[in-house]
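Asker: Please model the complete structure; the sequences and the hints are all you need to start from.
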Amino acid sequence: MQKKKKLIALLVLAGLASGTAIGEPRRPPPLPEEEIKVERLAPADGNRLYVVDPAFGHMVDGRTHVLDGKSGRFLGMIGTGFGSLMLPSKDGRSLYQVTTYYPRLSRGQRTDVVEIHDTQTLALKGEIDIPPRRAQSISYRGMLATSADGRFLYIQNATPATSVGIVDLVAGKFVAEVQTPGCWSIQAWQQGYRFSAICGDGTLLTVTLDEAGQAKSRERSAPFFDPDKDPIFIHPEIVGDERYFVSYNGNVYKVGLAGEAPRFEAPWSLLDQADRKRNWRPGGLQISALHRASGTFFVNMHDKGAEGTHKNPSKEIWAVDLQSRKRLARIASNQSISVAVSQGAEPLLYGLSHDGKVQVRRVAPGYPVLRDIAGIGETPMFMEVN
Amino acid sequence: MNFLKLFDSLAERSTRGVAQRSGRRGFLVGVSKVLVASAFVLPVLPFDRTVQAAGKPAPKKEPTDTDCDYWRYCSVDGFLCSCCGGTMTTCPPGTTPSAVSWVGTCHNPADGRDYLVSYNDCCGRTTCGRCGCNTNIRERAGYRLGVHNDINWCMANQSSLYHCTVSVIVGLEEGQS
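Protein sequences, first through last, are from chains R and H. When the first sequence is numbered by the working numbering, its final residue is 386 and no position is left out of the sequence of numbers. When the second sequence is numbered by the working numbering, its final residue is 177 and no position is left out of the sequence of numbers.
No wet-lab data here; the hints were simulated from the structure. Just so we're clear, the structure is a prediction, and the values are computed from it rather than from any experiment.
Okay, the calculated bits of chain H under chain R, using three or more residues with CB under 8 Å as the criterion: (1) 122-129; (2) 133-139; (3) 158-172.
Just so you know, even glycine gets a beta-carbon here, dropped at the ideal spot from N, CA and C.
Answerer: Here's what the structure looks like:
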């Protein structure tokens with residue numbers, strides 16, 4: 001047997017040698033054997049993009065896509081069930097998905113759950129059951145929020161009566177539900193366990209929780225906007241204690257969430273007279289983004305605006321200086337419905353279009369396109385960059 | 001449900017859709033200055049509005065109950081049940097009407113009246129995926145939840161899975177007869 005093998009080997013070698021002799025190139029050494037490993041993500045570097053895709057054509061199977069916005073690389077995916085809400089944790093190490101499952105896909109007992117995913121392994125590292133009342137909304141910023149110290153997760157509920165569920169992430173349990181009738185979205189304060197919600201009469205409801213997460217006080221502000229004449233988008237830009245909201249008509253509302261009660265500044269307009277004539281308006285889902293260090297505010301804008309166009313994709317993304325309130329640039333848009341910007345010294349501006357393309361631009365004079373990242377899911381809607 | 005943000009970039013670029021929208025503009029002026037979309041039976045709104053400027057000649061086709069710009073769909077965000085085995089007012093077989101709904105106020109060009117339209121979702125199956133529409137006339141953020149369409153109105157049903165949306169007349173707008 002051994003001899004036979006050797007003989008065969010010799011014959012093969014001879015064959016090879018003769019092959020070489022007649023001019024065929026020498027084959028390189030064989031490839032090494034391989035083993036399967038599982039990728040682990042490098043720590044997020046400020047341009048990690050989380051793109052929420054409820055997979056609207058088959059909603060039981062939503063997902064959050066994970067991308068490196070700088071290199072354009074698709075890094076992985078998290079399965080998120082039905083109409084999930086998403087929020088990265090303050091330290092960037094976890095991704096919260098608040099979602100709904102049925103044991104037999106479309107039937108059985110509804111289960112709502114907070115899933116905690118590891119942002120380096122994309123593995124599920126914890127889950128907390130919550131009452132089946134969380135808002136099955138698209139994942140606007142403000143449907144979920146964490147307390148400043150990261151201990152509590154606040155969850156928007158709708159049955160359709162509105163309330164906020166309080167989850168203690170440290171203890172790993174649901175602890176309370178706070179009624180917030182007629183009010184929507186969660187604007188967490190930087191101090192203490194306190195949040196505000198925007199109400200249908202133009203006021204802000206501010207709820208303060210005790211150490212156990214139970215409501216101990218509720219205060220209503222005076223109206224700060226007119227929901228009939230100048231409704232605001234609930235999407236906030238956040239700089240410390242300050243919140244910036246944009247209205248359907250292109251006014252910017254600044255709200256301070258510090259001290260005893262919210263403070264409101266008089267709104268100002270993004271538009272000049274020529275803009276008004278062409279009916280430029282903000283629109284989309286995630287209608288703004290903010291580079292905090294420079295105070296550059298990006299707003300998703302379309303012209304020919306009218307009643308009902310407030311979710312239109314943008315024709316341009318406007319860059320506005322928050323200090324001087326001057327427009328710095330009008331950036332051509334890829335018909336984005338949602339915008340985001342990374343922080344740091346070399347920020348990147350992201351525009352997400354409904355067909356699953358993310359256009360990446362440098363925040364630099366001329367806003368040059370760095371790349372287009374295509375094929376990001378089926379019906380992507382929201383992004384967070386971390 | 002009313003998540004819709006439509007995706008159908010093929011339909012979006014349908015010149016036929018563009019032409020139709022342009023042609024029906026006259027009907028909609030009374031309702032609002034905006035075109036309420038439609039790309040034939042294919043979905044897509046509001047994304048296709050950006051291509052309106054193409055200015056193709058307008059065919060003379062009335063919108064039907066499977067077109068996004070049919071008058072009573074003025075604030076729909078989801079799949080039309082008319083394309084999913086139901087009608088404007090009936091849910092497809094095997095689904096369950098939502099217990100709660102949002103309401104639009106739509107102008108009927110045929111009789112000149114504004115009607116209150118209840119947009120009930122049909123529930124208990126995964127999404128239908130046909131005739132997606134996203135019109136947002138008088139739609140508002142969740143602080144006005146009764147006119148908000150970015151939330152699943154199957155939320156109160158035993159199975160909250162969203163399938164499609166019906167558009168049921170529930171009365172005239174206040175002050176009309």
